[in-house]
Amino acid sequence: MNRFIARNGPAYAFLLPWFLGFFLLALGPILASLYLSFTRYDMVAEPRWVGFDNYVYMFTRDRRFWKALNVTFTYVALAVPARLIMALVVAMLLDKGLRTIGVYRAIFYLPSLLGSSIAIAILWRQLFAADGVVNRVLADFGIPSHAWITDPNTSIYTLVLLAMWQFGSPMLIFLAGLRSIPRDLYEAAEIDGTPKWRQFLRITLPLLAPVIFFNLVLQTIEAFKTFSSAFIISNGSGAPADSLLFYTVYLFNEAFKFFRMGYASALAWVLLIIIAVFTGIAFLTSKYWVHYENERD
Amino acid sequence: MKTSAIKSGHPLSEASKLDFEIDEAARMAHVLRLKRERQQRVGRLLKHAFLIGFSAIMLYPLLWLLSSSVKPEDEIFSTLSLWPSQFMWGNYVKGWYALPQSFTVFTINSVIVTSLSVVGNLISCSFAAYAFARLTFTGRSFFFALMMMTLMIPYHVVLIPQYVQFLKLGWVDTYLPLVVPRFLASDAFFIFLMVQFFRQLPKELDEAAMIDGCSPFKIYWSIILPLSLPAMGTAAIFSLIWVWEDFLAPLIYLNDIKSYTVPLALRLFLDQEGQSAYGQMFAMSVLSLVPVVLFFVLFQKLIVRGIATSGMK
Amino acid sequence: MVEMTRRKLLGTAAAGVAASALVGVPALAATRIRHYWWGNPERDKRTFAVIDLFQKANPGIEVSGETIGWGDYWTKMATQTAGRNMADLVQMDYRYLFEYVRRGALKPLDEYIGKSLMIQDFDKGPIDGGRVDGKLYALNIGANSQVMVYNTRVFQEAGVDADLINWTWDDFAKACEKISAKSGGKVKGADDLALMIEVFESWVRQNGREFYDANGKVAATVDDVATFWQFWADLRKKDVVRSKDKTVILDVPIAESGIAVGDTAMSQFWSNQLVGIQAVSKDKIGAAMVPHKAGGKPGQYIKPSMFMSLSRDVKDPASAIAYMNAWVNDPAITKVLGLERGIPVSQKIRDQLAPGLSEVEKLSINYFTAIQNKVGGLPLPAPKGAGEVRDAFMRTGSDVVLARTSVKDAAASFIDDAQAIIDRAQ
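Chains as they are written, first to last, in this note's numbering: chain A, 1 to 297; chain B, 298 to 610; chain C, 611 to 1036.
Simulated from the structure, these hints should not be mistaken for laboratory data.
Note that beta-carbon positions come from the ideal geometry of N, C-alpha and C, so glycine has one too.
Heads up, some of the hints might be wrong.
Unchecked claim - Where chain C lies over chain A, by a calculated footprint (3+ residues, C-beta under 8 Å):
| hint | region |
| --- | --- |
| 1 | 145-152 |
| 2 | 238-244 |
| 3 | 249-258 |
Unchecked claim - Okay, derived cross-link-like pairs now, DSS-like style, lysine-lysine, Cα gap no bigger than 25 Å in a straight line:
| hint | chain 1 | residue 1 | chain 2 | residue 2 |
| --- | --- | --- | --- | --- |
| 4 | C | LYS972 | C | LYS894 |
| 5 | C | LYS717 | C | LYS734 |
| 6 | C | LYS984 | C | LYS958 |
| 7 | C | LYS717 | C | LYS745 |
| 8 | C | LYS655 | B | LYS391 |
| 9 | B | LYS465 | C | LYS925 |
| 10 | C | LYS925 | B | LYS555 |
| 11 | A | LYS257 | C | LYS994 |
| 12 | C | LYS972 | C | LYS892 |
| 13 | C | LYS958 | C | LYS945 |
| 14 | C | LYS784 | C | LYS796 |
| 15 | C | LYS666 | C | LYS925 |
| 16 | A | LYS67 | C | LYS1018 |
| 17 | C | LYS666 | B | LYS555 |
| 18 | C | LYS827 | A | LYS257 |
| 19 | C | LYS1018 | C | LYS903 |
| 20 | A | LYS196 | B | LYS344 |
| 21 | C | LYS907 | C | LYS827 |
| 22 | B | LYS332 | B | LYS344 |
| 23 | A | LYS257 | C | LYS717 |
| 24 | C | LYS854 | A | LYS67 |
| 25 | C | LYS717 | B | LYS465 |
I would like the entire structure built from these sequences, with the hints used as guidance.
Structure follows, in structure tokens:
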């Protein structure tokens, strides 16, 4: 027992705030939502136990559930790589050399500051409307105008663009990662005459791997949970023709618009499992490409 | 002089030939350096040109927001021009006092909630991250997985159980539900972020300190934290921005308009089904960005400085 | 020194606010009631003024005013309902009333009528709009009806001379053609209303049916839907209504409607929104009725625009009812409220307000008077799930607008879906 305390005491002491928060505040509501997923609950009357009904309905009869999955997976597959590459390239451009760097950094972060405000929704609908600014620019290049946001076949791409354009937070994290790489490694490589691209492969990538891993995992989770941007741009409906019916938008409407909190909870747990599987895979494969300084022998 | 000798075609002595070769090498090096500098200059110019062009795209929304905040109400939706036909600067003054409480009150509220939350986040999350990243203990992977799980669950389904919980504690209509969880490391994003950075520090650091008899807290405080300034700066910035812009939790937990935060107040301007005041709302949105941008500019220095310049390693 | 004091002052002020906010200020008054509404700056200002007036007249009652915009109102309401912590008095919308009543979240008002709630001499029709299954669950605090808002300048220029109260769908189509032709296609006749279930409901009633029958079954037929969508498809084909690209973005705010941005000469709204529309329109607006079916029954009806309801979680019903009663009877209070929430359903109050009305407010009163005997009775209360049927209508309709399915197939599939949704919600 004493040995247990000696071994774990300091760590548990540091974790105390988190333990308190998790076990006293977070865990209860999480378990409650798990319970609710097996009930019919309209938020007014008491929840009524229905066993696996919600899950069965979801997989066998709910067409919009599959639609929502489809939209969300498409978005994750496109937006996550696009945003990460964008963020990494810009972060590397900003990392070295330029004196006016601070100004750019602030400017590039601005779109992310505006987040998913009403302003962005109005702006985005104006930009990509048939008579909007984007089409005017494209017309100069001879590209015919198109109603990007209201054509169900293209609406999702405008959201991918929005995600790319709000690359501020992964960029900042990449930048912090790049800044944590000791400069003398590059200086030594410079003296050895190692070309830039090899410096990138040999020094930057491996030392940045933990941060790349972080951004990859977090951006994937966030992309699966994308809510605000899709919600505000489609006025909460997932329109046009359900092409912006992101999983969480569907979930939100089921819960708060149609009074099916039980069903929404079931939806949430299915999403949780999907995200957990992807995150789990990322963690398993990370053994092969992410190496940490404090585990090096 | 030497070049003229070559051109004139005079036979060269062995010594002067050697002399020439050395000289030629230096010349070549000089030319190469010039070339590289020119390339670098061109490269830098290209880089700037690219960054400036790119900035224009990134700045567009802000310009749009600024212009909408001074446009006459009926022009916001009907014209694409960024230049208003007349400037309604009055939106800024009117907007500030348009609601039953002035924005002075909302701003003070936001500052209180945000500053407490940022402090709470930084302390509690760096504690947890230090344990996960640099200490060994029973159940580490298990607890880490639990922590990651809190990141994955869609927030909307825990909203109601959480509300019921805080209601039972008697915390509804106070700032406690917004602030207390942040002192209890509720935001796993920051824990995970800091873990990734803390793990990048060489383990010899703690080992050496341990041999010197340092306590884990001392190691955390005087070694890990100072070496993780970029990570802490990033966490501070994100934490500030997200809490400042947080809308859902204040919406659910605050009832009294005197306690509303800025994002909540901004929502009072719009009535989809009736009369709205878009111009004033945009004007107040612009003002609400000011403190965030200022903070960003101040704190990004932390990110830029890093261990690279702090002389360690 | 100056710097020092200022910082100190700020510090104390902030700390004071923080402390009071963190612990919650204890109520000083004998009893406290909470009133929750969705609003906008104008409505909030008026409502807080009313609260002040009421508190001065009733020193024993403290009223806590709680407000947020429409978009977030229902999320917060659902959360408070789930926590059994609803405000004592909540503002209700016709669309949500039945959902809340049928789930048991509201209390009936019948026992107070004539005792502490004096509404016996109010217009019977609009008051009955708050009745569900024979009991009054919601007090009408403003009536309204659908209105086809039009741009008076464009109408004049195009020479539209139809009788805008008695006109038919045929007249409407002709007006659309005239306007589009006159402007060379720059201004279209009207917004494409194919996705507006409220307009469709009028269409069904004009055909002599209700959307839902007394058993809560869907009574509208496939034919009703098909003819309605076909009517709009024809106008779309002639290119005299707003582009489909603007139509399939659903539930856009007023400010993005065709009449507000100048794309079209007509949009469909509710009469209490006239002030809001005028605020974002360049030209003077006018009010027309939803067109009639030649030889058909009246479709449009007058409904409550907003209700005030007593919630299931009410702590002190007597005080809450006193506040409610003052809202609709106290002349000082009704004067402050004006027409902002809709037209008062008491003739007495309407007469009191008449002298001080603005031009657009007069428009709304005149319109309201003009349609009085052109409208039908209130429809039967909608069953649970009606809100979701509304969404399904817009969704299926979008496929028609985008020409992804035929009108016939879409109409059949909508009626099937609607019944399935209602069945699932029971």
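Quick rundown of the hints versus the structure:
Counting residues of the region 145-152 of chain A whose C-beta lies closer than 8 Å to any C-beta of chain C gives 5; at least three are required, and the coverage claim holds. As drawn, the region 238-244 of chain A meets chain C at 4 residues by the rule of a beta-carbon pair under 8 Å; at three or more, the given contact holds. For a cut-off of 8 Å, the count of residues in the region 249-258 of chain A with a CB near a CB of chain C stands at 5, and the three-residue condition holds. Between LYS972 (chain C) and LYS894 (chain C), the direct Cα distance comes to roughly 13 Å. Compliance with the 25 Å bound is thereby established for this hinted pair.
A hinted pair counts as satisfied when its Cα atoms are at most 25 Å apart, and LYS717 (chain C) with LYS734 (chain C) qualifies at roughly 20 Å. Of the supplied pair hints, the one linking LYS984 (chain C) and LYS958 (chain C) holds, its CA atoms being roughly 23 Å apart against a limit of 25 Å. Annotation: proposed proximity of LYS717 (chain C) to LYS745 (chain C) holds, straight-line Cα distance about 9 Å (limit 25 Å). About 13 Å separates the Cα atoms of LYS655 (chain C) and LYS391 (chain B), which keeps this hinted pair within 25 Å; it holds.
Taken as a hint, the LYS465 (chain B) and LYS925 (chain C) pair is honoured in the structure, with Cα atoms around 17 Å apart against an allowance of 25 Å. Taken as a hint, the LYS925 (chain C) and LYS555 (chain B) pair is honoured in the structure, with Cα atoms around 23 Å apart against an allowance of 25 Å. Among the hinted pairs, LYS257 (chain A) with LYS994 (chain C) is consistent with the structure: their alpha-carbon atoms are about 12 Å apart, no more than 25 Å. The hinted pair formed by LYS972 (chain C) and LYS892 (chain C) meets the criterion: a straight-line CA distance of about 19 Å does not exceed 25 Å.
The straight-line distance between the Cα atoms of LYS958 (chain C) and LYS945 (chain C) is roughly 12 Å, inside the 25 Å bound, and the hint therefore holds. Between the alpha carbons of LYS784 (chain C) and LYS796 (chain C) the distance comes to roughly 17 Å, so the proposed pair stays at or under 25 Å and holds. A distance of roughly 21 Å separates the Cα atoms of LYS666 (chain C) and LYS925 (chain C); the hinted pair therefore holds under the 25 Å criterion. Taken as a hint, the LYS67 (chain A) and LYS1018 (chain C) pair is honoured in the structure, with Cα atoms around 23 Å apart against an allowance of 25 Å.
For the suggested pair LYS666 (chain C) and LYS555 (chain B), the alpha carbons sit about 20 Å apart, so the restraint of at most 25 Å is met. Between LYS827 (chain C) and LYS257 (chain A) the CA atoms are separated by roughly 21 Å; this keeps the pair inside 25 Å, and the hint holds. For the hint linking LYS1018 (chain C) to LYS903 (chain C), the alpha-carbon distance of about 21 Å falls within 25 Å, and the restraint holds. Taking the CA atoms of LYS196 (chain A) and LYS344 (chain B), the gap is about 16 Å. The hint holds against a cut of 25 Å.
Restraint check for LYS907 (chain C) and LYS827 (chain C): satisfied, since their Cα atoms lie roughly 21 Å apart, inside the 25 Å limit. Straight-line distance between C-alpha atoms of LYS332 (chain B) and LYS344 (chain B) comes to about 18 Å, which keeps the hinted pair within the 25 Å bound. With a C-alpha separation of about 21 Å, the suggested pair LYS257 (chain A) and LYS717 (chain C) falls inside the 25 Å cut-off, and the hint holds. Of the supplied pair hints, the one linking LYS854 (chain C) and LYS67 (chain A) holds, its CA atoms being roughly 23 Å apart against a limit of 25 Å.
At most 25 Å may separate the alpha-carbon atoms for a hinted pair to count; LYS717 (chain C) and LYS465 (chain B) meet this at roughly 24 Å.
Of the hints listed earlier, there is not a single one the structure fails to meet.
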